[in-house]
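Chemist: Protein sequences appear in the order of chains A and B.
The working numbering numbers the first residue of the first sequence as 1 and each following residue consecutively.
The working numbering numbers the first residue of the second sequence as 1 and each following residue consecutively.
Simulated from the structure, these hints should not be mistaken for lab results.
Just to be clear, a hint being listed does not mean it is correct.
Copies of the same chain look alike in the list, so a pair counts if it works inside one copy or between any two.
[Unchecked claim] Keeping only pairs whose Cα atoms sit at most 25 Å apart, straight-line, the calculated DSS-like set for lysine-lysine is:
| no. | residue 1 | residue 2 |
| --- | --- | --- |
| 1 | Lys295 | Lys332 |
| 2 | Lys313 | Lys253 |
| 3 | Lys192 | Lys241 |
| 4 | Lys48 | Lys68 |
| 5 | Lys251 | Lys332 |
| 6 | Lys232 | Lys300 |
| 7 | Lys332 | Lys300 |
2 protein chains.
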Amino acid sequence: MSNWYSQPAPADDIIISTRIRLARNLSGIPFPSRMNDEQRSELSERVKKAVLESNTPFAKSLRFIDMKDVPENEIYSMVERHIISPEFAGSSHRRSIIISDDESISIMIGEEDHIRIQVILGGLQLEKAYDIAERLDTLLGDALHFAFDSRLGYLTECPTNLGTGLRASVMLHLPMVESSGEIRALADSVGKIGFTVRGMYGEGTKATASLYQISNQITLGISEKNAIDNLKIIATQLMEKERNERGALDKLKAEDLCWRSFGILKNCRLLSSDEMMNLLSKIKLGIGMGIIDIKEPPIKLMIEGQPYMLMRKYGIMNSDERDIYRANMIRKALE
Amino acid sequence: MSNWYSQPAPADDIIISTRIRLARNLSGIPFPSRMNDEQRSELSERVKKAVLESNTPFAKSLRFIDMKDVPENEIYSMVERHIISPEFAGSSHRRSIIISDDESISIMIGEEDHIRIQVILGGLQLEKAYDIAERLDTLLGDALHFAFDSRLGYLTECPTNLGTGLRASVMLHLPMVESSGEIRALADSVGKIGFTVRGMYGEGTKATASLYQISNQITLGISEKNAIDNLKIIATQLMEKERNERGALDKLKAEDLCWRSFGILKNCRLLSSDEMMNLLSKIKLGIGMGIIDIKEPPIKLMIEGQPYMLMRKYGIMNSDERDIYRANMIRKALE
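Extracted from the complex, chain A is given alone in its bound form (with noise of 0.2 Å):
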């Protein structure tokens, strides 16, 4: 089954993918960073089975998987796919996770949080990504026993994720926006009304490939819906403005940078991760803009060309072979 980021969706040509993420812990045993061995063995066991177990269409495309049976390329060739966060894979804890084929769904058990439901979609789709959270929400919350206070609503480890535990995001591609230096502003007025904007790999990543991720704050005192309300707006408001910024743009020096990058990238034999994803940001402009087309989505050859990505297809390299594995890939890809 082909992954969010090998099809086409709603508003991709702006919105690379939606992420919903719930944090939910079980009441009765202790947070993550306290938990000894055998809770973590027991609340697997608990989470794995309040799923597999349930008698829904979700159980059918969902799969345990226990992380130390995972090899540890696999495991960050996960983060490389936002399958799961880099926390939890550099976490030396026992540690596992139910995915969906697509690996759409993710459900992270032994993370910051007890548990961490995610599921990811291409494009703007942040009702149908909340939904589907909100279904596998219930069928854990009606199998298990949820830490939640009346008062305060989801109770989790960091304050910051109190009340909803709910953390909406959404990935623009935002290259004209970002050229006309408005990114700092961006950010400065998207803060002050609750929302965060970050690079693509989350927390302290820059952003690169004109990549950036736009998130909710506060999960405390809204509901779930105000804040994914918020969010559409936001993300909507940006697209329009990345549109507007495109039309305005000279076409001729559009096609121009977006053809020389599809030429540097065709005919390369040596390739960063960092530069394959700016000339592919390009790319991704040339195709918004009805310039160029290519076989496959720019974002999946940006994910696919990430180092642990290349491993996982090639074997294990150091970074100069992964220079020459990822040029060759990309160039073929462009045949």
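Given chain A, work out where chain B should sit, using these hints.
Modeler: Here is chain B on its own, set in the frame of chain A:
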């Protein structure tokens, strides 16, 4: 008939062209800077007659052109093809020229000196070029009376040409010598033995595309043969140096550099003259190293992509329009 830059030539992986220039003046009439219109016309007629009415094989391939019949844009395209000097092109005086069909021979009449015989050939062909120049010199000398001093040699307007009146030059493509930072040291060392290093379009032009012209500066107290032999030694040494540095180059990095340049040239929609020169220089390096091959010699494309050469083919246009036509021309040439 095809130009010197359209055909393969000896050592042309590194040595682009060989040029021989002889400065000659007729005795009994003032130097061009002090000639009146009548004297200019007379000079023109006398040289024309000497060449075209001679019964030599040369005569068949040579044609006389009065520069007043040549449109200004065509005149500047002749500079770009290295047929005439920029000074000759820019002069407001009556001038004429005798050129061969393949444009390898040109005789400027009324440049700084009465007569400037020029032979330009592809690759390293100093003896052959000098041989042709000498035959033209003999032909002209037999029919006209050259200003000659038994002690000084040929008399010229500028003392730097006094004696042999010979300027022999070779144009070399030295990307690796250049990138090793040795050009300044090279210029200093050849300067000490009476040679000078310049850019592609002669005096005062900076080097683009790693193209360097080396020519003798001394015309007094040295025989033509010595000047040419010394230049040949320098050119050969530099060629070996460049070849050695190419041999030490990381093959993959060279391939990457060369194919990227190809990719940009093959796909760009806007191309400045400078960028074209530098990218074609990388392709020429790639051809020399056996990495890539293209239908037409890079040097031909470099010349045909010059501003007046472009306008000669596609009509008068401004610089922005030329960038479009240049990109289109190169793109087609690389198909």
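Chemist: Run every hint past the structure and note whether it holds.
Modeler: Results for each hint:
1. For the homomeric pair Lys295 and Lys332, the shortest alpha-carbon distances inside one copy (11 Å) and between copies (24 Å) are both at most 25 Å.
2. In this assembly of identical chains, the alpha carbons of Lys313 and Lys253 lie at most 25 Å apart only when taken from different copies (24 Å versus 36 Å within one copy).
3. Proximity of Lys192 to Lys241 under the C-alpha cut-off of 25 Å is restricted to the intra-copy arrangement: shortest distance 19 Å within a copy versus 63 Å between copies.
4. Taking CA atoms no more than 25 Å apart as the test, Lys48 paired with Lys68 passes inside one copy only; the shortest distance there is 15 Å, against 92 Å between copies.
5. Taking the shortest alpha-carbon separations for Lys251 and Lys332, only the inter-copy value of 21 Å comes in at or below 25 Å, while the best intra-copy value is 28 Å.
6. For the identical chains of this complex, Lys232 and Lys300 are intra-copy neighbours only, at 24 Å inside a copy versus 56 Å across copies, given an alpha-carbon limit of 25 Å.
7. Taking CA atoms no more than 25 Å apart as the test, Lys332 paired with Lys300 passes inside one copy only; the shortest distance there is 14 Å, against 31 Å between copies.
In summary, the structure agrees with every hint in the numbered list given earlier.
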